[in-house]
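A.B. asks: Spelled out from the first residue to the last, the chains are:
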Amino acid sequence: MAIRPENIREMAAAYSIGALDLEEKEIFERLLQENHPIAVRSYQEMAQIASILPFSADLATPPANIKAQLLARIKTEQDVQPATGSKSQSVSFPESLEALQGEFSSKINQWKRIAIGLAAACLMIAAGAGWYINHLQQDIQLAVFQNSVALEQIKQLTSTLERKRLELQRVRHPNTKVYLAAPTPDAPDDISGKLFYSADARAAVFYGFNMTTQADKDYQLWMIREGVPVAAGLLVADEAGIYSASVDQISIDGLSAFAVSWEEKGGSTTRNSEGNLVPSGPVYLVSAITGG
Amino acid sequence: MVKVPFAEQNLPSDEALFAQIAAGDTQAFSMLYDRYSSQLFGLALKIMQNQSLAEDVIQDVFMTIWKKAGSYKKRKGKPLGWMMILCRNRCIDLLRKQQKQNKKTSGGTEKIDALAADSDLPDPLEQASVAELSYEITKAMGQLPPEQRQLIDMAYFQGFSQSEISRTLKVPLGTVKTRIRLGMQKLRDTLKEKWNI
Chain A
54 MAIRPENIRE MAAAYSIGAL DLEEKEIFER LLQENHPIAV RSYQEMAQIA SILPFSADLA
114 TPPANIKAQL LARIKTEQDV QPATGSKSQS VSFPESLEAL QGEFSSKINQ WKRIAIGLAA
174 ACLMIAAGAG WYINHLQQDI QLAVFQNSVA LEQIKQLTST LERKRLELQR VRHPNTKVYL
234 AAPTPDAPDD ISGKLFYSAD ARAAVFYGFN MTTQADKDYQ LWMIREGVPV AAGLLVADEA
294 GIYSASVDQI SIDGLSAFAV SWEEKGGSTT RNSEGNLVPS GPVYLVSAIT GG
Chain B
0 MVKVPFAEQN LPSDEALFAQ IAAGDTQAFS MLYDRYSSQL FGLALKIMQN QSLAEDVIQD
60 VFMTIWKKAG SYKKRKGKPL GWMMILCRNR CIDLLRKQQK QNKKTSGGTE KIDALAADSD
120 LPDPLEQASV AELSYEITKA MGQLPPEQRQ LIDMAYFQGF SQSEISRTLK VPLGTVKTRI
180 RLGMQKLRDT LKEKWNI
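Going down the list, the protein sequences come from chains A and B.
Our numbering puts the first sequence at residues 54 to 345.
Our numbering puts the second sequence at residues 0 to 196.
Read the hints as simulated data drawn from the structure, not as lab findings.
Check before you lean on any hint, since a few could be wrong.
In the EDC-like style, the derived pairs of lysine to aspartate or glutamate whose C-alpha atoms are separated by at most 16 angstroms in a straight line are [claimed, not checked]:
#	chain 1	residue 1	chain 2	residue 2
1	A	128	B	152
2	A	230	A	220
3	B	110	A	87
4	B	193	B	131
5	B	67	A	220
6	B	191	B	119
7	B	45	B	152
8	B	191	B	146
9	B	193	B	125
10	B	77	B	24
11	B	66	B	24
12	B	67	B	13
13	A	270	A	220
14	B	45	A	111
15	A	247	A	220
16	B	66	A	79
17	B	72	B	152
18	B	45	B	13
19	B	77	B	117
20	A	120	B	131
21	A	208	A	301
22	B	138	A	220
23	B	138	B	125
24	B	110	A	79
25	A	318	A	269
26	A	120	B	117
27	B	169	B	188
28	A	230	A	215
29	B	110	A	82
30	B	77	B	146
31	A	318	A	253
32	A	120	B	54
33	A	208	A	292
34	A	78	B	146
35	B	77	B	152
To spell it out: a stretch of chain A is covered by chain B in this simulated footprint if at least three of its residues, at any positions, have a beta carbon under 8 angstroms from a beta carbon of chain B; those stretches are [claimed, not checked]:
#	segment
36	105-111
37	231-244
Built from N, CA and C at the ideal position, the CB exists for glycine as well.
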């Protein structure tokens, strides 16, 4: 876009006294760089006048100490640098008041940046530490939980071990007899059982095989005495899925069979007219004892 | 008043002093200081309106002269003109720093600086003594319409840009531009008549 000559002259006048705003300054300097004839001539004419403006200031004698201070600074500089007669190698000395102020400003800004960086680093470390502590707490909680689970497992295993020990003890009695348990028509396929019974020891252990597991159900053992069922405990499955229950101090009078029923969790709660517990679910296995 | 070159007074010229200062001659520096410190200090005082700050500027300017005398080139104009511009720019930079402004006075590129120095127009500093220059420019400024003088004063001696002047005085920007141009043109017309510049 062409700029009118009067605008160029206007810019030249303002430029020569440093009054052009940035945008126009860039435009005008571009014109000068391109040797625009009107821009160059106008600038030269205005710069000529601008160069005289400072002389409109009144003379004023500076304090005497200014010169002394200047010479002292120069002497200090000369004492430091080698006496080569030139100032080509000079100590690092603030070149100007502005440079001195700039140097201090720059140092202050540098320290500010360092302080901000340190603060940020501390925050990050604190955040990281906080995260780590939180994570550690989670790990601790997990370990405690796992420990409690392990303890529970140990407890269960111990219980199982004890049970098995007792079972073994009863099974290994010299007069223990083994009776096969017969599945009833209600029993699921493949279910079977064995009864280890010792009249002398007055103890029995029942093992059930291929018995399905259901969380809300239990297998319950019954002794049948003169045709009346007597609750004898719930069967418990081991790791191999073999269910077992053991009974001791059995009253063997009139005992004719053992049976296993499929009950709600916790066993039957149904009672007969005499108030005795009776199976409420289907009976799956019956093991008759013969020959005493 | 006729300008008598220093050489004719058996005194080294400004250029010669600069060359000696560049070689580390403190005597030359001292002579230059005695020659122009009042001029520079007066300018600094006019702009800064503060004795202490003006003293700081003078120290700064003369230390710059000490360090940069070797890099001074004739293309930058007469040494005194260069020193006065240096002093003015230092003052404006300091004023702006106090006002927390980031913009600094900056010369144009070397090419632009050379445009003024290479001009075929005569250098006023060659035409008249400093005293005469001072007298004539002060008189010419006094003859300007007040509104034009004020704007040139605000721009040159206080570092205002045109838009800043417009905002400060609540004068349309176009009017500011016109007044600055007319004022500078009027100064030129007045001094051209005097010195055939």
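A.B. asks: Next step is simple, just say for each hint if it's right about the structure.
C.D. replies: Evaluation of the provided hints:
1. Taken as a hint, the residue 128 (chain A) and residue 152 (chain B) pair is broken in the structure, with Cα atoms around 38 angstroms apart against an allowance of 16 angstroms.
2. Our distance criterion of 16 angstroms between C-alpha atoms is met by residue 230 (chain A) and residue 220 (chain A), whose separation comes to about 14 angstroms.
3. With a C-alpha separation of about 11 angstroms, the suggested pair residue 110 (chain B) and residue 87 (chain A) falls inside the 16 angstroms cut-off, and the hint holds.
4. As the CA atoms of residue 193 (chain B) and residue 131 (chain B) are separated by approximately 11 angstroms, the hinted pair is consistent with the 16 angstroms bound.
5. In summary, the hint linking residue 67 (chain B) to residue 220 (chain A) is not supported, as the alpha carbons are separated by about 109 angstroms, beyond the 16 angstroms threshold.
6. Taken as a hint, the residue 191 (chain B) and residue 119 (chain B) pair is honoured in the structure, with Cα atoms around 14 angstroms apart against an allowance of 16 angstroms.
7. With a CA separation close to 11 angstroms, the supplied pair residue 45 (chain B) and residue 152 (chain B) stays within the 16 angstroms bound.
8. The hinted pair formed by residue 191 (chain B) and residue 146 (chain B) fails the criterion: a straight-line CA distance of about 22 angstroms is larger than 16 angstroms.
9. Pair hint residue 193 (chain B) plus residue 125 (chain B) holds up; C-alpha atoms about 13 angstroms apart against a cutoff of 16 angstroms.
10. Straight-line distance between C-alpha atoms of residue 77 (chain B) and residue 24 (chain B) comes to about 20 angstroms, which puts the hinted pair past the 16 angstroms bound.
11. Proposed proximity of residue 66 (chain B) and residue 24 (chain B) is supported: the alpha carbons are some 12 angstroms apart, at most 16 angstroms.
12. Between residue 67 (chain B) and residue 13 (chain B) the CA atoms are separated by roughly 14 angstroms; this keeps the pair inside 16 angstroms, and the hint holds.
13. In summary, the hint linking residue 270 (chain A) to residue 220 (chain A) is not supported, as the alpha carbons are separated by about 23 angstroms, beyond the 16 angstroms threshold.
14. Taking the CA atoms of residue 45 (chain B) and residue 111 (chain A), the gap is near 8 angstroms; set against the 16 angstroms cutoff, the hint holds.
15. For the hint pairing residue 247 (chain A) with residue 220 (chain A), the CA-to-CA distance comes to about 13 angstroms; that is within 16 angstroms, so the pair holds.
16. The hinted pair formed by residue 66 (chain B) and residue 79 (chain A) fails the criterion: a straight-line CA distance of about 30 angstroms is larger than 16 angstroms.
17. Only pairs whose Cα atoms come within 16 angstroms are accepted, and residue 72 (chain B) paired with residue 152 (chain B) is rejected, the gap being roughly 29 angstroms.
18. With a C-alpha separation of about 24 angstroms, the suggested pair residue 45 (chain B) and residue 13 (chain B) falls outside the 16 angstroms cut-off, and the hint is violated.
19. Restraint check for residue 77 (chain B) and residue 117 (chain B): the C-alpha separation of about 12 angstroms stays at or below 16 angstroms, so the hint holds.
20. In summary, the hint linking residue 120 (chain A) to residue 131 (chain B) is not supported, as the alpha carbons are separated by about 26 angstroms, beyond the 16 angstroms threshold.
21. Straight-line distance between C-alpha atoms of residue 208 (chain A) and residue 301 (chain A) comes to about 23 angstroms, which puts the hinted pair past the 16 angstroms bound.
22. At roughly 129 angstroms between alpha-carbon atoms, residue 138 (chain B) and residue 220 (chain A) are farther apart than 16 angstroms, so this suggested pair is violated.
23. In summary, the hint linking residue 138 (chain B) to residue 125 (chain B) is not supported, as the alpha carbons are separated by about 19 angstroms, beyond the 16 angstroms threshold.
24. Proposed proximity of residue 110 (chain B) and residue 79 (chain A) is supported: the alpha carbons are some 14 angstroms apart, at most 16 angstroms.
25. Proposed proximity of residue 318 (chain A) and residue 269 (chain A) is supported: the alpha carbons are some 5 angstroms apart, at most 16 angstroms.
26. Annotation: proposed proximity of residue 120 (chain A) to residue 117 (chain B) is violated, straight-line Cα distance about 34 angstroms (limit 16 angstroms).
27. The hinted pair formed by residue 169 (chain B) and residue 188 (chain B) fails the criterion: a straight-line CA distance of about 29 angstroms is larger than 16 angstroms.
28. Restraint check: the Cα-Cα separation between residue 230 (chain A) and residue 215 (chain A) comes to about 22 angstroms, which exceeds 16 angstroms; the hinted pair is violated.
29. As the CA atoms of residue 110 (chain B) and residue 82 (chain A) are separated by approximately 10 angstroms, the hinted pair is consistent with the 16 angstroms bound.
30. Distance hint between residue 77 (chain B) and residue 146 (chain B) is unfulfilled; the C-alpha atoms sit about 31 angstroms from each other, more than 16 angstroms.
31. Restraint check: the Cα-Cα separation between residue 318 (chain A) and residue 253 (chain A) comes to about 33 angstroms, which exceeds 16 angstroms; the hinted pair is violated.
32. Straight-line distance between C-alpha atoms of residue 120 (chain A) and residue 54 (chain B) comes to about 10 angstroms, which keeps the hinted pair within the 16 angstroms bound.
33. A threshold of 16 angstroms between alpha carbons decides the hint, and for residue 208 (chain A) with residue 292 (chain A) the separation of about 14 angstroms falls inside it, so the pair holds.
34. The suggested pairing of residue 78 (chain A) with residue 146 (chain B) is violated, with an alpha-carbon distance near 23 angstroms, which exceeds 16 angstroms.
35. Between residue 77 (chain B) and residue 152 (chain B) the CA atoms are separated by roughly 23 angstroms; this puts the pair beyond 16 angstroms, and the hint is violated.
36. Given a C-beta distance limit of less than 8 angstroms, the hint that chain B covers the segment 105-111 of chain A holds, as 7 residues qualify and 3 suffice.
37. Taking a C-beta to C-beta cut-off of 8 angstroms, the segment 231-244 of chain A contributes 0 residues in contact with chain B, too few for the three needed, and the coverage statement is violated.
Hints 1, 5, 8, 10, 13, 16, 17, 18, 20, 21, 22, 23, 26, 27, 28, 30, 31, 34, 35, 37 from the list above are not met by this structure, while the remaining hints are.
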